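Engineer: Please model the complete structure; the sequences and the hints are all you need to start from.
Residue numbers 984 to 1198, in the working numbering, belong to the letters of the sequence shown in order.
Warning: the hint list may mix true and false statements.
Only pairs whose alpha carbons sit at most 25 angstroms apart, straight line, appear in this in silico DMTMM-like list of lysine to aspartate or glutamate [said to hold, decoys possible]:
hint	residue 1	residue 2
1	1048	1181
2	1131	1186
3	1057	1157
4	1109	1181
Between beta-carbon pairs, the in silico distance windows are [what the hints assert, rightly or not]:
hint	residue 1	residue 2	range
5	1114	1159	14 to 20 angstroms
6	1075	1105	21 to 27 angstroms
7	1124	1151	18 to 24 angstroms
8	1114	1042	25 to 31 angstroms
9	1065	1189	25 to 31 angstroms
Keep in mind that the hints were calculated from the coordinates and are not lab data.
Treat the numbers as computed from the prediction; the structure is a model and nothing was measured.
For glycine and all other residues, C-beta sits at the position ideal for the given N, C-alpha and C.
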Amino acid sequence: MMASDSSTLQDRRIGYFMVLNVTPSMFIGGLMVVDGRGLPVEFRYTEPVEPSRIQQILYGAALSKYLKRDVILKTLISSIESRLDLLIVGEEHLLADDLSQAAQCPVVRLTATSNKPLLHVGDVDKISQYEFLMQLTAQSNPVRLQMKGDDRLPDATGVRSLPDKEGGIDAFKDSDVARFLFDVGQSLEVTEPVERVEKALRELSTELKPQGTRG
984 MMASDSSTLQ DRRIGYFMVL NVTPSMFIGG LMVVDGRGLP VEFRYTEPVE PSRIQQILYG
1044 AALSKYLKRD VILKTLISSI ESRLDLLIVG EEHLLADDLS QAAQCPVVRL TATSNKPLLH
1104 VGDVDKISQY EFLMQLTAQS NPVRLQMKGD DRLPDATGVR SLPDKEGGID AFKDSDVARF
1164 LFDVGQSLEV TEPVERVEKA LRELSTELKP QGTRG
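Structural biologist: Dropping the structure here:
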């Protein structure tokens, strides 16, 4: 397992992305990068994005996913200076191979649960091929990790990869993603920063008018 000294934790980079619906047809997105202690390193956000009526008609039911993935998230990823170790998203449809490539790191979904704690810190329970429960600390409920698609990026990128999803619990626990989360989980409540992103977006949504990207 990776060392968890303060200098190492300061070098960790975790991205937290979420999109807020200002109105049913208006979106504002934010991406906060924190270090392994949970301290913010960068924050980027978009101005509210509101598609035209013609765009709503042409894109139909695919519009929301298109805006969140291809317009908002990819724009924010390209705007940050940090090289991410992990990108955490709030919606399952964002677990896509092209987003892993764009972020140059694995993309996962992490959610808090009310499940009974697992027996020991470091324990993992496999829910399905794509989902695991992870016991990161002794005094908390396990967190739920979701992944999807082939998130193993080319070796040339040097980024961390997700485990072979055909493997079992031992293969997952030995993966870089699991080790990374168990490491930073000692000092960071890994599902908490997204709450800060949401609060910031709610505050910004009262001030901004539709257009570009800011930070």
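Engineer: I want to verify a distance hint. Is the separation of the beta carbons of residue 1124 and residue 1151 within 18 to 24 angstroms?
Structural biologist: holds (23 angstroms)
Engineer: That 25 to 31 angstroms hint for residue 1114 and residue 1042 (C-beta), does it hold up?
Structural biologist: Check passed, 30 angstroms falls within 25 to 31 angstroms.
Engineer: Hint says 14 to 20 angstroms; check whether the CB-CB distance for residue 1114 and residue 1159 agrees.
Structural biologist: holds (18 angstroms)
Engineer: Take a quick look at whether residue 1131 and residue 1186 sit within 25 angstroms of each other, Cα to Cα.
Structural biologist: violated (32 angstroms)
Engineer: Need the status of pair residue 1048, residue 1181: alpha-carbon distance at most 25 angstroms?
Structural biologist: holds (18 angstroms)
Engineer: Cβ-Cβ distance between residue 1065 and residue 1189: within 25 to 31 angstroms?
Structural biologist: holds (28 angstroms)
Engineer: Compare the distance between the alpha carbons of residue 1057 and residue 1157 with 25 angstroms, and conclude whether the hinted pair is satisfied.
Structural biologist: Roughly 30 angstroms between the alpha carbons, so the hint for residue 1057 and residue 1157 is violated.
Engineer: Within 25 angstroms, alpha carbon to alpha carbon, are residue 1109 and residue 1181?
Structural biologist: violated (29 angstroms)
Engineer: Between residue 1075 and residue 1105, does the C-beta distance stay in 21 to 27 angstroms?
Structural biologist: At roughly 26 angstroms between Cβ atoms, residue 1105 and residue 1075 fall inside 21 to 27 angstroms, so the hint holds.
When held up to the earlier numbered hints, the structure conflicts with 2, 3 and 4 and fits the remainder.
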